Amino acid sequence: MSKPDFRSILRTLTEREVDFIVVGGVAMVLTGAAYNTFDLDLVHSNSSENVARLLVGLEELDAHYRVQPERRFRPNASHLTSPGHQLLHTRWGPLDLLGQIGKGRAYADLLPHSMLMEFRDGLSVRVLDVETQIAVKEETGREKDRAALLLLRHVLEESRKKTQQT
Amino acid sequence: MTPDQRLDALQGFVDALWELKDDDVETGFPLDSSNVD
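Going down the list, the protein sequences come from chains A and B. Numbering-wise, the first sequence is residues 122 to 287 according to my numbering. Numbering-wise, the second sequence is residues 19 to 55 according to my numbering.
Hint data in this document are derived by calculation from the structure and do not stem from the laboratory. Where hints are given, some of them may not hold.
Distance condition first, Cα-Cα at most 27 angstroms in a straight line; then the derived DSS-like pairs of lysine-lysine [said to hold, decoys possible]: (1) A:LYS265 <-> A:LYS224; (2) A:LYS124 <-> A:LYS265; (3) B:LYS39 <-> A:LYS124; (4) A:LYS265 <-> B:LYS39.
Quantities reported herein were computed from a predicted structural model and do not represent experimental measurements.
If we strip away everything but chain A, and leave its shape as in the complex, we get (with noise of 0.2 angstroms):
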């Protein structure tokens, strides 16, 4: 398995200029929440140009399913176009595409609840919002959310506090 390289990835993808959000462990971390992740979590969009656009950046991140890595089997059009999600390896690390989270969000229904972060070297990638973040995990309603959701809700109460002194 090779290290991950968030920052690599991201790069990969908007370069050539595939259409995704970040949500996630990372997301959680670039809205101001203390978290740990290993994992790269993006929610794409399914159009047909966009998952065209992908899959040539899929190629170059040398991506396959994490499932059975010695078989080396790639993501097609078919499943970069479904709600599924698709946990992949990349050449630096781990990558999960997602066509939906919670109830059955997809790109577009997030693509409003998203923002654009600015990042050095010209790099530019969307980021869930904290509010919609929290919505899609009370959805999951996962155990494992419990601690994500308690950290996310105390970045959403810090935030307004700001908003309010200011």
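The hints should help you fit chain B onto chain A, whose structure is shown.
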């Protein structure tokens, strides 16, 4: 903190843990095996 500082901090944590990983245990690295975390 800026988005860059936050991403760098997370990457630093991952890098540090990677150094602790046993080279012989390819599946030992903690990884979400299901979906969004």
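### Query
Given the hint that LYS39 (chain B) pairs with LYS124 (chain A), does the C-alpha gap stay at or below 27 angstroms?
10 angstroms, holds
### Message
So if I understand the rule, the pair passes when the alpha-carbon distance is 27 angstroms or less; does LYS124 (chain A) with LYS265 (chain A) pass?
### Response
Given that 27 angstroms is the threshold and the Cα spacing comes to 24 angstroms, the pair holds.
### Task
For the pair we were handed, LYS265 (chain A) and LYS39 (chain B), check the Cα-Cα distance against 27 angstroms.
Given pair LYS265 (chain A), LYS39 (chain B) holds - Cα atoms ~23 angstroms apart, limit 27 angstroms.
### Query
Are LYS265 (chain A) and LYS224 (chain A) close enough, with their CA atoms no more than 27 angstroms apart?
17 angstroms, holds
Hint compliance for this structure: every hint is met.
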